[in-house]
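Undergrad: The primary structure of each chain is shown beneath.
Protein chains: 2
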Amino acid sequence: MVEQLNPRERILMGPGPSTVPSRVRNALAAPTLGHLDPQYIAYMDETCQLIRDAYQTENPLTFPVSGTGMAGMETAVVNLIEPGDEAIVCINGVFGGRMKDNMQRAGATVHTVEIPWGKSFTTEQLTAAVQEHPNAKVLGIVQAETSTGALQDLSGLGKLTHDAGMLLLVDAVTSLGGHELKVDEWGIDAIYSGTQKCLSCPPGLSPVSFSARAIEKMDARQTPVQSWYLDVSMLKNYYTGGGGRAYHHTAPINMVYALREALAMVLEEGLEARIERHRHLHLQLREGLEKLGLCYVPENSLCTLNCVAFPDNVDDAAVRGKLLNDYDIEIGGGLGEFAGKAWRIGLMGSTATERNVTTLLAALKQCM
Amino acid sequence: MVEQLNPRERILMGPGPSTVPSRVRNALAAPTLGHLDPQYIAYMDETCQLIRDAYQTENPLTFPVSGTGMAGMETAVVNLIEPGDEAIVCINGVFGGRMKDNMQRAGATVHTVEIPWGKSFTTEQLTAAVQEHPNAKVLGIVQAETSTGALQDLSGLGKLTHDAGMLLLVDAVTSLGGHELKVDEWGIDAIYSGTQKCLSCPPGLSPVSFSARAIEKMDARQTPVQSWYLDVSMLKNYYTGGGGRAYHHTAPINMVYALREALAMVLEEGLEARIERHRHLHLQLREGLEKLGLCYVPENSLCTLNCVAFPDNVDDAAVRGKLLNDYDIEIGGGLGEFAGKAWRIGLMGSTATERNVTTLLAALKQCM
Numbered sequence: 001m002v003e004q005l006n007p008r009e010r011i012l013m014g015p016g017p018s019t020v021p022s023r024v025r026n027a028l029a030a031p032t033l034g035h036l037d038p039q040y041i042a043y044m045d046e047t048c049q050l051i052r053d054a055y056q057t058e059n060p061l062t063f064p065v066s067g068t069g070m071a072g073m074e075t076a077v078v079n080l081i082e083p084g085d086e087a088i089v090c091i092n093g094v095f096g097g098r099m100k101d102n103m104q105r106a107g108a109t110v111h112t113v114e115i116p117w118g119k120s121f122t123t124e125q126l127t128a129a130v131q132e133h134p135n136a137k138v139l140g141i142v143q144a145e146t147s148t149g150a151l152q153d154l155s156g157l158g159k160l161t162h163d164a165g166m167l168l169l170v171d172a173v174t175s176l177g178g179h180e181l182k183v184d185e186w187g188i189d190a191i192y193s194g195t196q197k198c199l200s201c202p203p204g205l206s207p208v209s210f211s212a213r214a215i216e217k218m219d220a221r222q223t224p225v226q227s228w229y230l231d232v233s234m235l236k237n238y239y240t241g242g243g244g245r246a247y248h249h250t251a252p253i254n255m256v257y258a259l260r261e262a263l264a265m266v267l268e269e270g271l272e273a274r275i276e277r278h279r280h281l282h283l284q285l286r287e288g289l290e291k292l293g294l295c296y297v298p299e300n301s302l303c304t305l306n307c308v309a310f311p312d313n314v315d316d317a318a319v320r321g322k323l324l325n326d327y328d329i330e331i332g333g334g335l336g337e338f339a340g341k342a343w344r345i346g347l348m349g350s351t352a353t354e355r356n357v358t359t360l361l362a363a364l365k366q367c368m
Numbered sequence: 001m002v003e004q005l006n007p008r009e010r011i012l013m014g015p016g017p018s019t020v021p022s023r024v025r026n027a028l029a030a031p032t033l034g035h036l037d038p039q040y041i042a043y044m045d046e047t048c049q050l051i052r053d054a055y056q057t058e059n060p061l062t063f064p065v066s067g068t069g070m071a072g073m074e075t076a077v078v079n080l081i082e083p084g085d086e087a088i089v090c091i092n093g094v095f096g097g098r099m100k101d102n103m104q105r106a107g108a109t110v111h112t113v114e115i116p117w118g119k120s121f122t123t124e125q126l127t128a129a130v131q132e133h134p135n136a137k138v139l140g141i142v143q144a145e146t147s148t149g150a151l152q153d154l155s156g157l158g159k160l161t162h163d164a165g166m167l168l169l170v171d172a173v174t175s176l177g178g179h180e181l182k183v184d185e186w187g188i189d190a191i192y193s194g195t196q197k198c199l200s201c202p203p204g205l206s207p208v209s210f211s212a213r214a215i216e217k218m219d220a221r222q223t224p225v226q227s228w229y230l231d232v233s234m235l236k237n238y239y240t241g242g243g244g245r246a247y248h249h250t251a252p253i254n255m256v257y258a259l260r261e262a263l264a265m266v267l268e269e270g271l272e273a274r275i276e277r278h279r280h281l282h283l284q285l286r287e288g289l290e291k292l293g294l295c296y297v298p299e300n301s302l303c304t305l306n307c308v309a310f311p312d313n314v315d316d317a318a319v320r321g322k323l324l325n326d327y328d329i330e331i332g333g334g335l336g337e338f339a340g341k342a343w344r345i346g347l348m349g350s351t352a353t354e355r356n357v358t359t360l361l362a363a364l365k366q367c368m
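So the protein lines, in turn, are chains A and V. Once you know that position 166 of the first sequence is 166 in this note's numbering, the rest is easy, because the numbers rise by one and skip nothing. Once you know that position 252 of the second sequence is 252 in this note's numbering, the rest is easy, because the numbers rise by one and skip nothing.
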């Protein structure tokens, strides 16, 4: 009644998903176990430990949320925020804006620090924001703005927020496994990411981690978390073993297999080597893109996502269509302010290879 | 650094997941496409149509929520309910209780109709509830109570609720694809299910559907939906094509492949034939279980889940452990009130075969 499933083997160089290696897809297809089966619990515990290793944290409360990166954002927000709380959100692209929206839905009064899209925040701007809003409970910021390709330096931000009695919330969707990210050393209190970016696992899960400081605030809540599905006070019984692995919802078993395998690949390569691979291939790609007359949008570009403005005479849809149809290469269009003006070219996880950089540059030259 | 993934090939006869056929697992492992790739959009549209076919509905707003069945419950609740709304929830087990909890978190005043666990609601009880709470906006009820194995007859309930100006919300997690379920004919306004029960797809998605009547109420909301991730007013742009497939979150591509394949298998078999298979194998299992001295908990048992009380002299954990370790068969323990008193034996989707019924009965006899 439906045709045989036969997806084309694209090179995924958009803003995510990245190309998923067959090793991870094979893990995805392994026999399904029950979510309370001791063998599955052991795989899940290993997966949580692998997430800790990737985040460079010892946080016990570290697990994959059963939804995509945006569910991770919502998990962090609804568990940390109570109605009436104040929060600071740093906005320099789509995802900062979404964090604000999530916080407002959770009842927060949100103070925004806004700078032009493509820019990164300076220490002075962040310090001023913290001083201006001393009652904020949380400061939220995006390390890797997927909409603009801007990388945010997070150094010093842990101390700045903690000295002011605030929690530091970080969006690491497009950085985990591709950029330096040291949750404990940097004093990050709540963080979320996605599986389909630099981890090269299919989309569907969101690795999150919460510090002891964050847990203390969550434990002191006066009101229930507005989301049942994302309520960490219940989820932690299942993921960290308190309450005898009490059933909350049926974990997405096969997706957890895939994440475990993807994280194993990240750590086998080594975080430093992997970050260096992303960096040097980014430089190679950058050189080629600039030779083609494409101009980087952000001042401080991510290595994992290259947001480049194209000349006025270029037909956006035609070029991307030709790349997809003739070359089986996906690149991303611009988002928000940059729709129709820029492309977003991902170089994440398994997609980040010499061959893909060379192929894309040659194909793009033909298509432009 | 981690051992080779090697999950045992269990026969999954618990309350879910059920055994996932290799055809579905192979689909899961197909190459990942981008979530805006026209080929993926076509697969997704087909998947939504297959969900409509399985639900027997023409509802345009029918799609897989990017989370498990409990995310489907929350999607239905947070989109239909606004703070201050009244709702009626019918509780005869764990999942009715969870629906109440979800509604309260969404700000509803919940009127419950409670009957003992294992019982099903009578028309008189439901009629009285509707008459008693004429201002309720929604009546929520569970068709297949996974915690007790009770089947709820839904006939007449559409008319009853609509005549009173209410919406009918149904939990079909353990019934879709295993029991008769006619969304349009029965006048159901909002429904959710899970993939890992009678569809025999891995857990991770929740097929939902909303009637025109439900959409009208959602469009008339005065307040934003409290969940960003589950906000149907945004999701519908991506799933039903309004707003040019606007990006909301990255769809769980590979899980959608698997669901498409699982639904294709359901519809190739035919809904009626599939329901009849569940029915006659349930009767066969029932005869065998009763011969072993096990006693059905619900008056009106599901065919898909058999909740049976075991005699006092039976060691719950020992029997289930022996089944799992010696026979690679998973059955479920009791939940809530029935913990330590009953087993829940699933006969769902691909698990529902003559061979599995025969094997379980023989193995259980050895273990008890």
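Among the clues, some could well be false.
Repeated chains share a single entry, so a pair holds when one copy, or any two copies, can fit it.
Quick list of in silico lysine to any residue cross-link-like pairs, SDA-like style, CA-CA up to 20 Å [said to hold, decoys possible]:
{"no.": "1", "residue 1": "Lys365", "residue 2": "Gly270"}
{"no.": "2", "residue 1": "Lys182", "residue 2": "Ala273"}
{"no.": "3", "residue 1": "Lys322", "residue 2": "Ala42"}
Rather than coming from a laboratory, the hints here were simulated on the basis of the structure.
Undergrad: Against this structure, judge whether each hint is valid.
TA: Quick rundown of the hints versus the structure:
1. Lys365 to Gly270: neither (34 Å within a copy, 51 Å between copies)
2. Lys182 to Ala273: within (15 Å within a copy, 55 Å between copies)
3. Lys322 to Ala42: between (46 Å within a copy, 19 Å between copies)
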